[in-house]
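J.: Protein chains in written order, with numbering that gives the first Met the number 0: chain A, 0 to 585; chain B, 0 to 336.
There's no promise every hint is true.
Stated by the list, open to error - Derived lysine-lysine pairs resembling DSSO-like cross-links, with alpha carbons at most 27 Å apart:
(1) B:Lys145 - A:Lys194
(2) A:Lys391 - B:Lys34
(3) B:Lys307 - A:Lys194
(4) A:Lys275 - A:Lys515
(5) B:Lys145 - B:Lys307
(6) A:Lys105 - A:Lys189
(7) A:Lys388 - B:Lys307
(8) B:Lys34 - A:Lys372
(9) A:Lys189 - B:Lys145
(10) A:Lys195 - B:Lys145
(11) B:Lys34 - A:Lys374
If you are wondering where the hints come from, they were derived from the structure by calculation, not from laboratory data.
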Amino acid sequence: MPWASSQTLDRIKRTFRKITIDTQPNFVCLIVEDTQEITNILKHLKDVEDFRYFIDFHVIDFPKEKDRFLGQYILVNPYTFERLAIKVWFKSNKLPTAKEIFAGAKWAEREAYDMFGVEFEGHEDVKRMFMWEDYKYFPLRKDFPLGGIPEQKLPSLTEVLEGNTFPPSHDYDIMHTYVPTIKDIEKTEKSRITKKGQLVLNWGPLHPGTHGTMWFLFDLEGEHIIQTDVILGQLHRGMEKIAENLHYFQFLPYTDRMDYLSAVCNELSYVQAVEKLANIEVPLKARYIRTMFAELQRINSHLLWLGTGALDLGALTVFLYAFREREKIMDIIEGNAGFRLTSAFLRIGGVHYDLAKGTLEVAKYFVKDFYSKLKEYHGLLTRNRIWLKRTKDVGVITQEDVYQYGLTGPVARGSGVAYDMRKIDPYAAYDLVDFDIPVGDIGDVYDRYLVRMEEMYQSARIVEQCIEALEKMPENEPYVNKKHPAVLPPKEDVFNDLEDMVKSFRIVVHGENMPKGEVYSSGENPRGELGFYIYSIGKSSPYRLRIRSCSFYNLSVFPKVIYKHTISDAVALLGSIDPVVGETDR
Amino acid sequence: MNDMVFTAIVIAIKILVVLAVTLGLGAYLTWYERKFAGHLQARRGPTVVGPFGLLQPLADGLKLMTKAPIIPRGVDTKLYYMAIMMALVPAIMLFAVVPFGPSFKIMGHEIKPIVANLNIAILYVFAMGSMAAYGTLFAGWASNSKYAFIGSLRKAALIVSYEVVLGFAALSVILLAGSMNVFDIVDSQIKSGVWYIVYQPISFILFLFCLLAESGRVPFDIQEAEAELVTGYNVEYGGMKFGIFPLAEWYLNVLALCAIASVLYFGGWAGPHIFGPFSGFIWFLAKTFGLLFFVLWVHWTLPRYQAKDVVEFAWKYLLPISIINLVGTAFFIYFKG
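The following block holds chain A by itself, in its conformation from the complex (with noise of 0.2 Å):
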């Protein structure tokens, strides 16, 4: 259990007397009552108890208590891997602000800002995460509607750049968006200039290098970049408040479109929260398929993380060569769940399909030719000259910055703190493999590409315990645990099964009511620890779901190790950063 101990607990009970501590099966936290007081148990928490890596910040609204909003961190404490939870009320609408504490703070800020509208002392210019800068309203407050608050008339270029023209160039409908003119921009370009021959860089949001619709802010001195400012939003779709309103299965395939490049790992985070919110047994066959799925995912997008940023690079052709193997494991997957992309596989309590007939051979054949392929693209890049003077010493991060700004996954790998769900709180069948860690040392941008030049190895080789466990499994094991309540039925029991139908329709038509309680489950995915933030008042449908996005905190380290550094680093770092907007924006 990844969750502090009894011991720990009552020591920092022994120190702190006034506060309460609330334990259950899968969450702890402990509750502050007096919100001055948060900033000096963080402060000793971090110091004292060692929960100095920040994982998560988030908000949870309550219209009719007396102080509205309640904030929760949730640090952990990178020795023994326990994580803790510190629930703090805001007092009218305010916090003492963490940023000074952990620099990851400042952007959880900023979103929490975004979204609820609360202020944190000592951060008065906080600025808006998503929306943009002028909107009046706090989207993920409960009394926000879903279908938004239109305000503004979307003009069309034409309109923005020579005034109106009639009859319209297109016809509008009222939206939600503010399109900046050419005159904001150059307002924000003086604003920004400090001195003489300086050139500030729109860098995004549409540009080949930031992969995706991100969009940076760079103050150049000659090609040296002195500021950055990061300007997300451009994606977002305001998922927590989407799941605010659904009910728990049909989040599902949401969660596909965040981190579109891993579907199944997304999936499998979302999934399992759910299950330990529900207390689900997964059958042993799912939890191997989920596993395999999940891993082939991962190579899939460590592929296209090698693809793009040897691309990047300069390396035309290490792209096409990605592509083609990530092409194979997208026929495995859509051959099982019909899509390739954003495949909505797994179910909560198994998987949608069994598996299609031929898969384990064809993903057997896949891997014993994947190790082939990983030599070629190591031949092709990891002893290149070019390829080292690029990336050796560039974007050096540090492990207090790993700790401070809350990354994970490769990024924290890659600068030598050993942190992977996987093994610290084994969920699906990672407890069942055999697998190894690979750990960096310096934290450059070398150092994470041999990080997940490895993983994929490591993944591969967990893809080839999986098939053979599933090869030795009778075909008819089940793969949905469909006994539970909450538990959809597989398709072919509803046509053929009466009750199933009944339980289907039931389910699919009320929800099932899922158990009170808190949740907080992380899995790791190819770029981090997902997490997922389950608040349930015992609906069918959470009162909040937060996403502790890996790639959203993985990116706010981005301004301070790109400072004085070239554009041509910039592309390098961001490519091993490797975000994906979909979930940076959720």
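Model the placement of chain B on the given structure of chain A, informed by the hints.
T.: Leaving out everything else, chain B in the frame of chain A:
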């Protein structure tokens, strides 16, 4: 009088032939490169337009020419157009001093298959190469775009690093041949029976580096650097205006420099007479395309350097090496020759 008319006609024909061949070849090099890259990358390259996709360059050209001409606002229009010319003209002019084969006789007149048989041909090559850089610089300056601007500044950094090395590298060959005339250089290689690559392997490698740098090919394509600067200096150009830049830089420039390199280091048209009267021409083209193959191979395999790395590499390593090489060659010639 008769002689003069004849010479004028011959020169006109030469110019026409060179223009037609280089521009046609330039267009078809796109096909060659795409096919080559395709097979390198486990794909097939163009296959749809014409047999083996052979009509692809024509389709591409047609597409580029029929595009709507867009000129961004705030552009320095004169420079904007001049940049295109500055890129294209020097690239074509380079072919003026490329000897396509040995001299032959028609109607009693000796004809050299070269447009201008200059005695300072190699110097002329350097000059034209430097002129081509203005195309990039102007394009970046005139475009009123930051990406283009940064791209062209990077090109300036690149020129600073490779020009000097290029000079010193070629100078050692000129010392060996004792002439800057391309015919003399080839003749002296044929006479001694040894190609200069044997004497000057270091100089050849330096020359290759400069060739890649001058033509903006990987690993020195920093002025384009797609992932960083979109496409760098030509980002604001569209249609055929854009098409000219890669045509001039990536194809014509590379082709001309490969031809010069085969003259300097591989004995030009020297080779066994196994193809009858055309064997000289065929050998020359074979050598040129062999080098071109190498350039493409590098292009589709390696990652790219950073601007600062290129400058550092050129000034710290290549320049001292080229000077030592030159001085060594000079001593060798002084004492032996």
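J.: Compare the structure with each hint and give your call.
T.: Taking the hints in turn, this is what the structure says about them:
Among the hinted pairs, B:Lys145 with A:Lys194 is consistent with the structure: their alpha-carbon atoms are about 17 Å apart, no more than 27 Å. Taking the CA atoms of A:Lys391 and B:Lys34, the gap is about 34 Å. The hint is violated against a cut of 27 Å. Simply put, B:Lys307 and A:Lys194 have alpha-carbon atoms about 23 Å apart, close enough for the 27 Å limit, and the pair holds. A distance of roughly 12 Å separates the Cα atoms of A:Lys275 and A:Lys515; the hinted pair therefore holds under the 27 Å criterion.
Our distance criterion of 27 Å between C-alpha atoms is met by B:Lys145 and B:Lys307, whose separation comes to about 19 Å. Under the criterion of a C-alpha separation no larger than 27 Å, the hint pairing A:Lys105 with A:Lys189 is consistent with the structure, at around 25 Å. Under the criterion of a C-alpha separation no larger than 27 Å, the hint pairing A:Lys388 with B:Lys307 is consistent with the structure, at around 11 Å. Using a Cα cut-off of 27 Å, the hinted pair B:Lys34 and A:Lys372 holds, with the two alpha carbons roughly 23 Å apart.
Restraint check for A:Lys189 and B:Lys145: the C-alpha separation of about 15 Å stays at or below 27 Å, so the hint holds. Among the hinted pairs, A:Lys195 with B:Lys145 is consistent with the structure: their alpha-carbon atoms are about 16 Å apart, no more than 27 Å. Distance hint between B:Lys34 and A:Lys374 is fulfilled; the C-alpha atoms sit about 26 Å from each other, no more than 27 Å.
The structure shown violates just one earlier hint, number 2.
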